[in-house]
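Residue-level listing of the chains:
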Amino acid sequence: MRTLEQTTQEVLDLAAKHFQLPAGSLAPEDDFFKKLGIDSLQTLEMLSRLENHFGIELPDYEVQGVSNFKTLAERIQSRL
Amino acid sequence: MKSFKGKTLRWEWRDGSVELTLDHEPANEIGTAMLEELEIFVSAFGAVACETSSCIISSARKSVFSAGGDLRELYHQAISVPEKERLEGIRSFLKRIHAVMNAIDAAPLVTIAAVHGACLGGGLELALACDIIIADKMARFAFPELRLGFIPGFGGVPRLKRDLGNAVVRDLLFTGRTINAARAHAVGLVAQLTGEGEALRVARSTALQVAKYDPVARAAAKEFMKPIPHEELQREIDIFCELFTRPEVMTALKKFAEDPGPMPYLP
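Chain order of the listed sequences is A and B.
Residues 1 to 80, numbered by my numbering, are exactly what the first sequence covers, in order.
Residues 1 to 267, numbered by my numbering, are exactly what the second sequence covers, in order.
These are computed hints drawn from the structure, not numbers from a lab.
These numbers were taken from a predicted model, which means no experiment stands behind them.
Yeah, the Cβ is synthetic: ideal placement off N, Cα and C, and Gly gets one too.
Accuracy of the hints is not assured; some may be wrong.
[Stated by the list, open to error] For each label pair, taking beta carbons as the anchor points, the in silico distance ranges come out as:
id	chain 1	residue 1	chain 2	residue 2	range
1	B	Arg96	A	Ile56	36 to 42 Å
2	B	Glu12	A	Ile56	38 to 44 Å
3	B	Val216	A	Asp31	56 to 62 Å
4	A	Glu10	B	Val216	52 to 58 Å
5	A	Leu4	B	Gly46	55 to 61 Å
6	A	Lys34	B	Asn166	40 to 46 Å
7	B	Gly89	A	Gln64	28 to 34 Å
8	A	Glu10	B	Ser205	51 to 57 Å
Next up, chain A with everything else stripped away, as it sits in the complex (with noise of 0.2 Å):
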């Protein structure tokens, strides 16, 4: 079982490749949305990205509102 901490290195890891940034640019505590400057499709795109690594489903209300990546691995955390 993964720890938080390794589901959110995990998360970021995935975030920097999909979206061809340097690995280690992400932090725990970045808003997605500013950092990435994605809009909705993308959203979708990394959220199956998510959940094929992570082999989980991930309903898209449960993750309404979340915006940094420390809390979107708390709740991939909490389907694991």
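Take the given structure of chain A and dock chain B to it, following the hints.
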């Protein structure tokens, strides 16, 4: 007409198969412009049906098959006419889009939706009119209409009910959530799951296989297996129109049309 390039889509007939590519900025929204070109497309079916075994529908847009009905156009058209005329306008639009969807649904050839990215609302309804949905593992499906105060209006619910269990339909409809391609495959919505960026290639390979079989038997099998739920489709139009006239719908559409945020497509 064996090839066409319009403002929202294009198609090309090749080796007994026709490829229809949606290409309308920003997210292949289905409004009057795309509807008009889809009408041209389905009217061309008849002339070439005897020499065509399959039709592949895909998207040229990155990250999206289709985000569904053009809600901004719907809102702006609705507020530009007196309240009494709104209902007439929406009913007329729905009848036209239903005619297109029914034509695709009943086409005497095998229709394949090659889906990548978001396939939402009317986009999912278009995919559901096809015989086979092939999805890349990054595809996502949803019916987010209830958040706007109406139901899917392009034939989605009757077609989803035809293909899947009612429990899946209720989950999609009542939560509006997006489901990933793996889940859609598990529940039977998606026939074939592919790697990233591979849906169109797999659809073409499937089209080649389909072409090997006798066209008369294929058409008969399709007619037998895939009856069009006409009564439910008509009821869907009626329910949509009943719901559409409520002030709550205009408020929700206004909010959507004027939303400057990054998440307008999400439930």
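*Could you work out which earlier hints the structure fails to respect and list their numbers in ascending sequence?*
8
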